[in-house]
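Trainee: Here is how the chains run, residue by residue.
Protein chains: 2
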Amino acid sequence: LDYQHVQVPFEITLWIMLASLAKIGFHLYNKLPSVVPESCLLIFVGLIMGGIIYGLNDRSPPVMDSDIFFLYLLPPIVLDAGYFMPSRPFFENIGTILLYAVVGTIWNVFGIGFSLYGICQVKAFHLQDVSLLHNLLFGSLIAAVDPVAVLAVFEEIHVNEKLHILVFGESLLNDAVTVVLYKLFRSFCEMPTIKSVDVFAGVGKFFVVGLGGVLVGLTFGMTAAFTTRFTKDIRVIEPLFVFLYSYLSYLTAEMFHLSGIVAIIACAMGMKRYVEANISLKSHTTVKYFMKMWSSVSDTLIFIFLGVSTIGENHEWNWPYICFTVIFCLIWRALGVLVLTFFVNKFHVNTITSKDQFIIAYGGLRGAICFSLVFLLPNFHRKKLFIAATTVVILFTVFVQGMTIRPLVDLLAVKRKRESAPTVGEQIHIRFLDHLLAGIEDISGHWGQYYWKDKLEYFNSKYLQKILLREYDQPKSSIVLLYEKLERKHAIELAEAGQLGHAPSHPSLLHSGFLCSNNDRTVITDKKLEDTLNPDVLENIQEILARNLYRIRRTGPAYNRHTLPGETEPVEHAKEILILRHKSP
Amino acid sequence: LDYQHVQVPFEITLWIMLASLAKIGFHLYNKLPSVVPESCLLIFVGLIMGGIIYGLNDRSPPVMDSDIFFLYLLPPIVLDAGYFMPSRPFFENIGTILLYAVVGTIWNVFGIGFSLYGICQVKAFHLQDVSLLHNLLFGSLIAAVDPVAVLAVFEEIHVNEKLHILVFGESLLNDAVTVVLYKLFRSFCEMPTIKSVDVFAGVGKFFVVGLGGVLVGLTFGMTAAFTTRFTKDIRVIEPLFVFLYSYLSYLTAEMFHLSGIVAIIACAMGMKRYVEANISLKSHTTVKYFMKMWSSVSDTLIFIFLGVSTIGENHEWNWPYICFTVIFCLIWRALGVLVLTFFVNKFHVNTITSKDQFIIAYGGLRGAICFSLVFLLPNFHRKKLFIAATTVVILFTVFVQGMTIRPLVDLLAVKRKRESAPTVGEQIHIRFLDHLLAGIEDISGHWGQYYWKDKLEYFNSKYLQKILLREYDQPKSSIVLLYEKLERKHAIELAEAGQLGHAPSHPSLLHSGFLCSNNDRTVITDKKLEDTLNPDVLENIQEILARNLYRIRRTGPAYNRHTLPGETEPVEHAKEILILRHKSP
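Going line by line, the protein sequences match chains A and B.
Per my numbering, the first sequence starts with residue 10, numbered consecutively.
Per my numbering, the second sequence starts with residue 10, numbered consecutively.
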């Protein structure tokens, strides 16, 4: 036995296997996932696993490595999120999302940090040694809403598109703020004195980190699109480029201390339309499928590891600090959403209702990002307290809020997602209105979103498409594409239902030509064959033969006085076949 | 800049990117791959890369790590080979393949080993310190034909199916022999004395390694099939199980010192039919696509690394030893093929022609497996000589034989692969003959391949299918499945050609209902829209509208005295639309 040799890949494979089997297990009982979100169940599995490992080894189970999380588990989820991001609602609400993500997160960080510092001043709590900077550092890591947790819960409750994009977009874009504030406070903690220059540098850094991420992402996205122009002869490696370039964008951004999450989202959103046009249909299915698969497995692993890492002796328990952390997280988020929405609603016609505000505030789940960040903290004597507080906040938000949000959505009758896809008519209307509004904005001199969208579209069709698309001279309208997609889907349905009768396929005609000459011999002479073949199968084959045989004869006299085309009964076909067979020697 | 942090994934991604871009590069020039096999070009790229690294760093470039090769690069290729293995020709020729793989490889090992030992006795060559055991050890690693190299070359020359499966099957199954002999001689080298017990243990081990591999593989394959029974509700992780279980089978076999290659092939071939029946069509596309993609990238990386690893100071040059190695490799293989084929042809009606024999002998390419094995050798004073000899043999076989085999195949007019897929009629005939022959074998009491195949099929349909398939009560005949596939393909073609006219799809009817009410307004009022939309696109949309609009009206009076259905000209449709539009206010 040589376990050493294969240990690394073997254990990785086993963990992924465990995650996948856990997922299957939950879905075997249909009732369970409808009550408890999958993320809670997975954390629960992780807790049990952690308990078993702790019990067997008598030492803390291994903690989720922050490097593994940030380098291998997080990118697939964010890539999936970015690639399947509904771009229209995202860009329509980009202002609001940015407000929540930037101002809201800063508000939460400082709110939580300062009020926890206030708690630390109470002598009875024995927390006087936690400095303001440490509290702010803790605030910076606990304030950020987690995209993985939000996605896991919001995917199951089907709230309306706007509400979903507001919470989800915020959770993705606040990464830039979190990165900056976390690194800023961490370096402040290690500095002897803090100059005001450092603070300003921090503010400047914020723009660099966010916009730099976007720039890196778009660069790689465009390169990816450009690369797929040349893959016509080797379709099989097309999907690879989507993954490679996105991952490179994430790694490059991380390397330069930019926001990797922002970079990979920009990359995915930027490349999507060009890549889709360049690669083959099967490649695209593979890309979509594998992205979903990968993110789903990553997501599962993250929650299981969260559970496993919770067990152990990494925690220092201090009731007041932990309880107040949970309370402040809730209060400051609620206040932040209320205040920001007040301003947002002032400038918008399509306001955010108070029900929606409640769900936005309540949906502020914390997850694995906080957890990894708290483990990345430099060692200081209260780190274990921070770990304990972070774990409690995560478990509280995922379990209590995650499990109650669905009943609350039902109770409040929050507007749900519309079930049906928009019709072609609606799509034409939307497009028409877009152009109209772009024209109005152009005339009135207001540089609004429609103006910019129009300019972008112009730039896209004038320059980008020519460089990035293989067949740029025939850009198909999305309506035509939709129509083709529907027709294709319908054709498959028809073929599967066996109703593609009016246009018999040439290959099948050809084959049935072979068939009818061999048919009688084959079926009648070989008793053994009939024994082995299932009667259903035989019936199936005969039906196919019957249909095609009949049709071959029918192709001659296509015009028939007494029957409408396609109206003849299958019984009649069968009868004719029977007659034919009796006649044959 | 924080390169340390992202180094490992970043460099892996860059290597894969290089491999993919190299692949694209070759395919841009269509003429190049038709003359030089891709493997040669890739080794060449690797040589250049290695030269650059050597020149810049002034030290040997990193050598391909044997662990990376055996644990990460080889499994995808073998999995792909096993999954897409044409099972019928493989099992029809299994006896011949095993003879070549087992007896042939042993013949080559001892032939090359002993004759090189003979060369070592010549005093003028200064090789007397290379013992017989070391020569045999070297023979065991250099004798085995490499599946990766064979696949890379034989995929491009399209020889007939039997010839292909003979060479390729041998290259896969000789792994068990290679593993046993290599490990045996390596342990003999370290032993002070060799007892005859050890030799017999070695012979026994051979069966354990081979059959153990098959057993491990089949176990994991059946488990995989069983697992996919339960994935109906989470289609998205279905493809994962195919990869996870195959990889686990490989790792488990390696862990127990069994043949990983044999295990993964058994796993892939065992699970294929059940998994295919259980998983969805899209999952299956993803599985196939990703397997091809992965193996193609692995393959590319292996050849590039081979080139890179060649450059450097790992070599000890000794003209006679290296030249005689190449010569003996060629001679012993040719002799082995001739002798073995003589016996094979005695017992078969369908003999192997002398042309085929030549190609089998000539197609014995060596590749990365030898290369990794030679680096895995324990350190002794002549290791660098062995590395040099192995490198030369690999480069000679891949470059000289790989590049000349295509012209030789043309010159000898070796029977090629038939281009067209078998028709349904042929398939029925083949199946009929199978049953007939199974019956004849049953009656005559001869337990031949048909007898066993029939028994296996019975066992499969009686027990395995019920356990492993989700919908085991409706097993579809392969003919029905083929027919459905053809119909589906045809339907898509029809839909794409826009000829699915006789059966307008319901969704498209619905939409065109919307469309016709909006159409006039949209097209006429919005000048801007018309400017932005390409005239082609507009034409496209109008054509779709025209067709559907016409059809809606036509669904009422389906019977028309003067026209056959589907005969009306598109011009007429357009005219009618025009009239309609003029009439509308």
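Treat the hints with caution; some may be incorrect.
Intra- or inter-copy, both count: the list cannot distinguish identical chains.
[As the list claims (entries may be wrong)] Subject to a maximum C-alpha distance of 27 Å in a straight line, what follows is the list of computed BS3-like cross-link-like pairs (lysine-lysine):
no., residue 1, residue 2
1, Lys-392, Lys-462
2, Lys-426, Lys-40
3, Lys-426, Lys-471
4, Lys-241, Lys-40
5, Lys-214, Lys-471
6, Lys-355, Lys-171
7, Lys-471, Lys-40
8, Lys-241, Lys-471
9, Lys-281, Lys-426
10, Lys-132, Lys-393
11, Lys-281, Lys-171
12, Lys-392, Lys-291
13, Lys-498, Lys-214
14, Lys-426, Lys-241
15, Lys-132, Lys-355
16, Lys-171, Lys-214
17, Lys-462, Lys-475
18, Lys-355, Lys-291
19, Lys-241, Lys-291
20, Lys-475, Lys-393
21, Lys-364, Lys-393
22, Lys-471, Lys-392
In short, the hints are calculated from the structure, not lab data.
Trainee: Among the hints numbered above, which are violated by the structure, and what are their numbers in rising order?
Mentor: 1, 3, 5, 7, 12, 13, 15, 16, 18, 20, 21, 22
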